[in-house]
Every structure is written in C-alpha cells, then in structure tokens.
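**Q** Listed below, chain by chain, are the residues.
There are 2 protein chains.
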Amino acid sequence: MATLLSGLTQILDIHHDKIPPSTITVAGWVRTRRGSKKFSFVELNDGTCAKSLQIVVDANLKNYSDIEKLTTGCSIQVQGNLVLSPGKGQKYELHAQAVSLFGLADPETYPLQKKEMSLEYLREVAHLRMRTSTYASIFRIRSRVSYAIHQFFTERAFCYVHTPILTTADGEGAGESFKVTNFDFAKVPKNKNGETDFTQDFFAEPAMLCVTGQLEGELLTMGLNKVYTFGPTFRAENSNTSRHLAEFWMIEPEVAFANLEDNMQLAQDLIRFVVADVLHNCADDLDVCIQKHQINTREYLNMAIDNPFIKVSYSEAIDILQKANKTFEYPVYWGCDLKSEHERYLCEEHFKSPTIVYNYPEELKAFYMYLNDDGKTVRAMDVLMPGIGEVVGGSQREDREDVLIQRMKAKSIDTDHMDWYVSLRRFGNVPHAGFGLGLERLIMWITGAGNIRDVIPFPRTPGNCKF
Amino acid sequence: MATLLSGLTQILDIHHDKIPPSTITVAGWVRTRRGSKKFSFVELNDGTCAKSLQIVVDANLKNYSDIEKLTTGCSIQVQGNLVLSPGKGQKYELHAQAVSLFGLADPETYPLQKKEMSLEYLREVAHLRMRTSTYASIFRIRSRVSYAIHQFFTERAFCYVHTPILTTADGEGAGESFKVTNFDFAKVPKNKNGETDFTQDFFAEPAMLCVTGQLEGELLTMGLNKVYTFGPTFRAENSNTSRHLAEFWMIEPEVAFANLEDNMQLAQDLIRFVVADVLHNCADDLDVCIQKHQINTREYLNMAIDNPFIKVSYSEAIDILQKANKTFEYPVYWGCDLKSEHERYLCEEHFKSPTIVYNYPEELKAFYMYLNDDGKTVRAMDVLMPGIGEVVGGSQREDREDVLIQRMKAKSIDTDHMDWYVSLRRFGNVPHAGFGLGLERLIMWITGAGNIRDVIPFPRTPGNCKF
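Chains as they are written, first to last, in my numbering: chain P, 902 to 1368; chain X, 902 to 1368.
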C-alpha cells in the first residue's frame, strides 16, 4: 500500500511560492467549473488556504466527459504542470495531464450550492458548512489564534495546565451549571429523607460542568508560578442571543507575584501578540471574512497594535459617561453595571482605542477579587475593544484570608466546602492575578462575525446539540 | 501602583545563563532552610523550573530573626547579589541584601513537609501537591508536551479544531457516557407515555459528554484538509485502576486523502517530534521524574527516536505470540484481543522497538474502520511503546457508504440518527484516516509515573471529583 499523502502538493504551498513550476499532483474539492469549447476551468480548493488553484483541462483529455460532469463539491485528484498563469487574479495555474474522481456531489441533493447562501441556512447544515470559504477561513483563523495564544504563553514560561471540566465547586458562585450524572432518569435514587441520593451517583456527590478553571488555576500557580488554561467552559443559561453559547472556550492565565497593573500589561501584550500574528499569517482568510461580513476589522486590529491601551478607573469612566453628549438606554450612575452601549461608547467614541476599565464597585464583582483600601472597589479589570466591547475580564485576587472569608460569607458561599481554595491564603500565600479571555468573542472581533454561532464549528445553544 | 512582576528575575533564566552576575530580585517558595552560626542557606524555588536557587543570608541582616523562622512552603522575596557559587551542585547563589515575607506555612498545619511523602498521601492533598518537585516537574513536562503537539501540527498546516464536548452522538457506539442535564432530579418530567420528557431538558433531547471528537473531526477534515483536536474526553466507566480516568485529554488528528500507511507515518512522526522536544527542553524535569519513579524512561525515549517503528500485521503478531517461548495469562489465537501482556511482549521483548500493529479483525474494532478486501480485517492500527504498551489507536476510515451502513447495522447503530456522518460518503467523498493519542498515557510513558492519577492535576475517578 503506497502513501497517498506523500505524493500530494498542498495548494497553500503553491500560493506561498514554495513550489517551483513543475509536474505536481493536487487533490481537493471543486468550487466551480466552467467550460469553453476547448477547455474546462476548475477552481480547486484543498482546504489548506483561502485561495483555490485554477485547473485547466484540455478537451482532448481522455476522460474529458467526466470532467464536464464535475459540479461544486466533487472531490478530485489532478496531476499536471504547474505554470505561471496568463490570467488575472492568480499567479499559477495547473495544466491537467490526468484527473481522477474521488466522489461526486449530486447537485440535486448536495445542500451546498455555488450560489451565495445565507449564514442562517448554513447553520442548519453545520456538518457541511466548513466546506464554504467563509467558514473555512473563520476556522483557520480560530486555529491560528489558538496557536498564537499557546506560543505567547510558552515563550513567557507559562505552564499550560488542564483544570478539571467536571467539578463539585461552583467557581463564580453564580453561573447556572449543567449537572453531570450517571443516574437513570426513570429511577433517580432517594435517601431516607426523600432527597436525591447522590452517594449512588458516579462521583458520590453532585457534579457539574465547570464555569471557569480559575480557582484550580490559582492552586496550580502556587507551584508553577505562571499558568494558563485553554479549555471548554459551560453555562446552562437559557439565553438565545447572538452572543451566548452553552459551550465555549476560555483562556485563563494566572500569575503569582502579580498585581492588577501586571495583569493589565499581560492582557494587552497577549491581545497585541495575537493580533500581530493574525495580520501576518491570516491575510487571505481575513480578506474572505471582511468581504463576507462587510466590516473592515483590519481597522480595529491595527488600532490594537498601534498604541498602548487606555487605562481608566471605573469612577473616571462613569464621569465620562455622565458628561457624554449622548442618551443611553440604561442610566449611568456610580455603582451601575457597564452595559455594552457604555463599553462601546468608551472605547469606540470617547477614547477611540482599546480601553481597560479597572477598580469596579465591589458589589458588581465576584468574591475572589482584591478589595481596595477604599472598601468600596475591587481590583477588577475589563478590557474593551472597539468593534465588540469586553473581551477580557480579570482581577488581582484577594489574598488576605480574613477579607476573603468575609466576602464569601457576604455572597453566601460555603467557605467549608471551599476550604481547599481559602487555604491557599494560609500556606505560602503570595499576591497573584489573572484573567479570562473568551476565545469566541476574540474570534468574532477579529473576523467581524456578528453571531457567536458562526465562530465555533458545532455551536451548543438551548434546544440545539446536533452533530 | 507599580508592577511587581517587571522587577522579578525568573530562576529559570538564571539556570539558563541568561542573567549575568548582578543585583537582582527573586520571589518564590522555600524548599528548605538550614542555618549555621553566621549564615542561613535557603533553597528557593519559584516554580519556573526544577532547580532551586541557593540564597545565602548573612546573620547580620536586620530582620535575620524572621529568616530563622522560615520553614518549607513559606513565600518570600529576596533582593541580592547573584554570584558564582563556590559550592557544589550549583553554578550561582544569591547573597541576600533584603528579604521580605509574603506568607508563612505553619509546620503544625501545613500538609507538605520536607520529608519524603508518598504519592498516595499527595493525591489526598491534590490542591497542594503541585508545590512538590515531582508534581511540578510532571506538570511542566505535560505543558511542554502539549505545546510540542501543537507545534508539530501547526508546522504541518493542520487546523486545530474544537469538536463539541456536549453531544447527542455516541461516537464509539459503545462507551459509557455521562449524561448532561438541567433537570431537577427531584422532579424529572415525564411525557404521556410515562417516559422521561427530554423535550423539557436544556437541549430538548438526551445530551452527554463526548467520548471522542473523531466523527466531528471527519466532518471538519472535508473542509480543512488536515485537522486535529486537543480536548477533554469522558468515560463513565466504573473502573478504579491505575490506568483509567473518567476525564482525560485526547489528541485526534484526521487527514483527508490519507490511507493507513500515511496514518502510521503521521503517528510515528508525532511521537518522535514530541520525544525529541522533551529530551531537549525538559532535561531537569525528566531527571526529577526518573529519580522519583526509579524508571529510566530516557532509555525508552531514545529507543523511539533512534530507529523507525516496526510495522507488523495483526496476523503476523499472532503468529509471533503463538511461537513465543512464554506463557501468557490470556490465550492467543487469531481473533483474540491483544492484552497488555501481549502488546508489551511484542514491543519490549520481541522487537525491542516501538511497534505498530495493523489490520485487526473486523469484530474487534469500531464500525468506522475501513474493511479490507479479505472481508475479515479492517485498516486499524495500534502504536505500542516499550514501557507502557498502546498509546495510539487509529484507522483509515470506511469511506464507502454501502459498506459503512452495513457495518453500522451489524453493530446496531442508528444510521438515521447518524445520517450527518454517513452523508460525508455521499458528498465529495475522499479517503481519510486518523488516530487518537491519549495525553495521559503519553505523559505516564515519558515520566515513568505508574498511576494515571499522577499525571493530571485533578484526577476524576469513581467517587472522586474533589477540588
């Protein structure tokens, strides 16, 4: 059995000028075919890059009648001469010597057609939509962004850690968590008091899907100094919006010996590193997205790398919003939660720059954030990007055991059940800080996608867990 | 507020000779302290590498009485002169000018002590064990291996894809899956027929945690050519062994236009790439593991990179095992499943080499593997490594729709519910292949850890979902 792969040339390598004009073999899927009396022109895409390769097939080819039957989505292999193209819009074309067919895609039944299809329709056929140029480009960008994130942290001696997906700790003390069980729903066991008998479940206690890896990340930081997670996170929120998923991916760095200032710097450095990488490595895919979504995201991306992010305290931000010559839907006062309209006004209209808002009112934020000396604000930060709003939320962590316990109690969190977390402050305690970056929000911002369902291959939302 | 981090030197950088002798500040946790009349010697570890830094504190230091109270686990910051050390076993030492304390670790209550602790005990304090040298080294190796895997695939133009964790498809058609629900267990809704009414659950149908990302990976391959997953996977198997976890991490590449031969090549290339990377980048951490586990895993690692892997068909392997001058617990006959004892005999005693066994009997393997012309075997492969046995399982996929449906039916898999998967063979079908690599198995093999609970920070097993 010979290897197939070793004989194949990637279309990516052709467009990157790594393949000199020569006899090569490519394989891929037909995007379009058009014929003249003497030739057929096939646009072949192999999924390795946004650009297709033009295949020129002479009518004298012995199985030319097969070529004339090729429609969008058919898979073929072509051996031919790679030559400089006289045509516009492409450097090379392939003059076919032999074409063989892998599989047809009957236009009568194949759900993807040459004509423009709506994103709504394509979401219905999520098992096939990665074959379209828009989704292939989005998913390639997603992959490159993920790699850039790993590269950024690895170069800075961060340890990539896998915090648990299954957990008995409710990280945010708020979020709606999915339950995970081995119970037969038809006969959930009960104990003597008539309550659900979790001792008979797989983990012998109520288990759920993580809403964050932060708390375990803090534990790991105390042994490994600088860590980050990169994994799936879950919310059983019944919200059918264009910005919510039940399953999404988060990146959560945590850094020992770091304070809020370090944290802001790290978030800025990470975003700028990723943006520079995408601009350099995903130019063609970005073009596809910009054309499809009709949003010039390059403008926002360049804004992120051209200047340091603006830093503004929550109190200053409230002041700016109150003085703004603008009517907001939600009223602005000290203590109010910043809504998307406020965030976007700050970064898009007022500062016209990526903006970090820090020192939020204590009431608005989670129990683990460091309480400032004013007793009213915590060392929280949100990073707001023009074009999307918040992409990062983080804080310096409360590392004083007494203050932490007090705040947990005030927010009705069981300090005994969470003693493993509290005990960090008892043993070799150090200041530390971290944040969470939502991968899908970042990809939406980069690609200009307006719906979060379009930046993850198989979105999970209320009532939707198909494929 | 000034940044803390920017002023700190990483101990890693000192040992990598990136810091010239000079005045620096470090921060970390005390491993040990011993005193003489005139000096205290503190071994300080900051989690960035296996090696500690020796701090020499003169008794004339103004807060010397504080230094004398330092015990294992205390966190401190030290400013001092980095100088070449006259002592053995270290190139540099730090002469302290100022020492400040972050947090104590009272020896009366701190669960980690200087003396050697058993791995069993440390599993009980999993929230602290990452502060010990063994676990810190294992988790740093795990991080580096993960990065090497991403690097390997990215350099080869693979697209990193996130296949769903929540799913309604039972990938292997076998595994025990965890159920995921939003139901109140006290009142699970029933429909008119008295059955559980899943239309009232979050996803409106029975949802579970993925046992593989392969099927969705195959979908993505048809648009992106070469993809891989890197994510958590779940099994609700009630097995309390040293080799099973309820939550573990898998890497699953899938390649279009690839056959079994390509697949073997890819698995070999991946493992050798990772091994070479670990040998180069994790030497100190590897030493820690080798000393703790008393297994010279370097021997196995070198075996993997020195020669190409042996390839042997299942039928040949059975022949070798039957002729072996050895009594096996499980009898050997054509059609038998290869047990660990058989696998390890093949790679450790017979070939003394990493070994790939391929073309297994159809009955032993999953429905999606390509049926050979003999009608009896499928294009499956398992990669066996000396020291651990199987680390990779994969196959060329069945891409003939009629054969696939026939095999699904024979294995009682609902072809209608899985039509999205079958339909790949109907639209632009191409040969493709892939495999699954268990991250924990790989880390066990590299570090010599004998228990899978020791290579993931927070292991999930029956009855255990703590932290």
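Simulated from the structure, these hints should not be mistaken for lab results.
Some clues are possibly wrong.
The list cannot tell twin chains apart, which means a pair is met if one copy fits it or any two copies do.
Pairs of lysine-lysine residues, derived as DSBU-like cross-links and limited to a Cα-Cα distance of at most 30 Å, are as follows [as the list claims (entries may be wrong)]:
(1) LYS1312 x LYS1367
(2) LYS1016 x LYS938
(3) LYS1253 x LYS970
(4) LYS1080 x LYS1093
(5) LYS1367 x LYS1266
(6) LYS939 x LYS1266
(7) LYS1367 x LYS1240
(8) LYS1016 x LYS1367
(9) LYS970 x LYS1212
(10) LYS1312 x LYS1240
(11) LYS970 x LYS1093
(12) LYS1312 x LYS938
(13) LYS1367 x LYS1224
(14) LYS1367 x LYS1080
(15) LYS1088 x LYS970
The model shown is predicted, which means the values in this text are computed figures rather than measured ones.
**Q** Tell me, please, which holds for LYS1312 and LYS1367 at an alpha-carbon limit of 30 Å: within, between, both or neither?
**A** between (37 Å within a copy, 22 Å between copies)
**Q** Between the shortest in-copy and the shortest cross-copy C-alpha distance, which are at most 30 Å for LYS1312 and LYS1240: within, between, both, or neither?
**A** Within one copy, since 22 Å is at most 30 Å while 53 Å is not.
**Q** Please work out whether the CA atoms of LYS1016 and LYS1367 approach to 30 Å or closer within one copy, between two copies, in both situations, or in neither?
**A** within (25 Å within a copy, 53 Å between copies)
**Q** Within a copy, between copies, both or neither: where do LYS1080 and LYS1093 come within 30 Å Cα-Cα?
**A** both (23 Å within a copy, 25 Å between copies)
**Q** Within a copy, between copies, both or neither: where do LYS1367 and LYS1224 come within 30 Å Cα-Cα?
**A** neither (48 Å within a copy, 50 Å between copies)
**Q** With identical chains treated as interchangeable, where does the CA-CA distance between LYS1016 and LYS938 reach 30 Å or less: within a copy, between copies, both, or neither?
**A** Within one copy only: 24 Å inside, 85 Å across.
**Q** Pop the pair LYS939 and LYS1266 into one bin, within, between, both or neither, using alpha-carbon distances up to 30 Å.
**A** The answer is neither: 70 Å in one copy and 50 Å across copies each exceed 30 Å.
**Q** Checking LYS1367 and LYS1240: alpha-carbon separation at most 30 Å within a copy, between copies, both or neither?
**A** Result: close neither inside a copy nor across copies, 32 Å intra and 36 Å inter.
**Q** Check LYS1367 against LYS1080 for me: Cα-Cα at most 30 Å, and say if that holds within a copy, between copies, both or neither.
**A** both (19 Å within a copy, 15 Å between copies)
**Q** First find the shortest C-alpha distance between LYS1088 and LYS970 inside one copy, then the shortest across copies, and answer within, between, both or neither for a cut-off of 30 Å.
**A** Result: close neither inside a copy nor across copies, 57 Å intra and 58 Å inter.
**Q** Treating 30 Å as the Cα threshold, decide for LYS970 and LYS1093: within, between, both or neither.
**A** Answer is neither: 71 Å inside a copy and 52 Å across each miss the 30 Å cutoff.
**Q** Give the relationship of LYS970 and LYS1212 under a CA distance limit of 30 Å: within one copy only, between copies only, both, or neither.
**A** For LYS970 and LYS1212, the Cα distance exceeds 30 Å both inside one copy (60 Å) and across copies (41 Å).
Hint check: violations occur at hints 3, 6, 7, 9, 11, 12, 13, 15; the rest are consistent with the structure.
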